[in-house]
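Participant: Protein sequences, first through last, are from chains E and Y. Here this note's numbering is used: position 68 in the first sequence is 68, and no number is missing along the way. Each number in this note's numbering comes from the position in the second sequence (counting from 1) with 169 added on.
FYI, nobody ran anything at the bench for these hints, they're computed from the structure. In this text, a Cβ means the ideal position worked out from N, Cα and C, and glycines have one as well. Careful: at least some of the hints might be erroneous.
Rough simulated footprint, nothing fancy, chain Y against chain E, three-plus residues with beta-carbon under 8 angstroms [unchecked claim]:
hint: 1; stretch: 58-68
hint: 2; stretch: 73-84
hint: 3; stretch: 130-136
Derived pair list, reagent style DSSO-like, types lysine-lysine, alpha-carbon separation capped at 30 angstroms [as the list claims (entries may be wrong)]:
hint: 4; chain 1: Y; residue 1: K262; chain 2: E; residue 2: K67
hint: 5; chain 1: E; residue 1: K67; chain 2: Y; residue 2: K284
hint: 6; chain 1: E; residue 1: K67; chain 2: Y; residue 2: K216
hint: 7; chain 1: E; residue 1: K15; chain 2: E; residue 2: K120
hint: 8; chain 1: E; residue 1: K157; chain 2: Y; residue 2: K228
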Amino acid sequence: MTVDYKIDAMFELRKFLWQELKDSKIFKASDYYSEGSDSEIIPIIPVQQSPEMDQFLNGKKHIVYDKIGISYEDIWLICCEKILFTIYSSDITEIYEIRNLIIDLFRRMDDSAKDANRAKTTSKLIFHSINVVETSPIDPSMELQGYMSSDVILEVKYSRTTGPNGRFD
Amino acid sequence: MDSSVALLQTASGLERLMAGSRPGILRDSTVAQISAFLYYEAAVLSKLTKNSEFQNLFKTTIFNQIEKDFGSYVDSQARVKPRSLHHVYEWNKTGNPAARLFKLTKLDTDGISFKVNYDFKMSKSTVPSKNKKQKRRYVFANKAMVMETGMPVVIRPKSAERLVFELEGQTIFMPKGTSVYVKRPGGSQATNQFSLSYGRFFGGQLVNSSIKASGFQRIFTSKLAKSLEVPLNIKKVQYSFTAGKIRTQADSALSSSFGGSL
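All chains, full assembly: derive it from the sequences and hints.
Facilitator: See below:
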């Protein structure tokens, strides 16, 4: 059986966060419909794709994410990742709204992990703990003119199911 | 009073009891042995914070993790905000760990504490130029420091008679011998931005998270437990113990526990 190495905790968290943002009516999926691809584009994008999405997201609130670090310690089954979300909007109240939702979702350690486990789309990943490590003040963005931005950093601990030899299954 | 000194002073009361009872018909080692046992444990604990191997392990373990995490944090911030942090990397390598122009430095202080500061490294790569005719390339060695502090620079022709450069697609020829004044090299967005990231890392929870992740607590617990293992000679039945010998044993137990590799 081949192992699916495309599975990634970040992708699962992104889907979970996007669902919550839609459910809480903070984002409207139809605002991000792309005629070119005939589908909605999730406005939570990796930093590497940020320049190519600039035009599409122009003026729209969105979130850029990046992995700060990923490490396995002596207990090599558990992975610890730090993820940076940078929220962009031209409206300060929208940033507060999004930031508050992220904090509300992810500050509760085991309970946040339970929620992520309920929402995940793969059984291969198990979230153990998620917490908010840092939030930054809302500043005018130096990168995108007309936008304001704020950072939220999460620490995520999770493991992936393994076979008898300890490798991903 | 330092708690380790207080512990040592209190334990010194045991020295009399360790010396053993006066010779008589019945000899009992219990009091001397228990006293020696307690004296040894007290000696290990009181010497712990003054032990150079322990101090070194403490500082190195925590600093290494902070250095790693801080580097990753700034790299990530630079990828998300390249205009703000491009200056602390070599040209066109923003966010690349191998191209960092900053490094953390550890300033040793007494005891089990240290201070952290940062330094900027000299840039070694040449300033990129769109002018293909340009033969001489310039290395802006102090790029990081100058752009971070927002220090204005004056560019003068060094070997050529005039400055020639590209600006918005046009080639500009400056009059002979004149210089160009750059008010904010690196852009105003870059000024003090590294210092801001540094402040956020060390002023918030990120540094605490880094200290936790260093695993020092786990290393400390296991190594201290090893040091506190009572030496064989104290476990054996003896009627008298020497305080000096026990103190030496405590010293060597700490050195062998904390002096080894991680």
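Participant: Are the hints correct? Go through all of them and say.
Facilitator: Each hint tested on the structure:
no.	hint	verdict
1	58-68	holds (count 4)
2	73-84	holds (count 5)
3	130-136	holds (count 3)
4	K262(Y) x K67(E)	holds (18 angstroms)
5	K67(E) x K284(Y)	holds (28 angstroms)
6	K67(E) x K216(Y)	violated (42 angstroms)
7	K15(E) x K120(E)	holds (8 angstroms)
8	K157(E) x K228(Y)	holds (26 angstroms)
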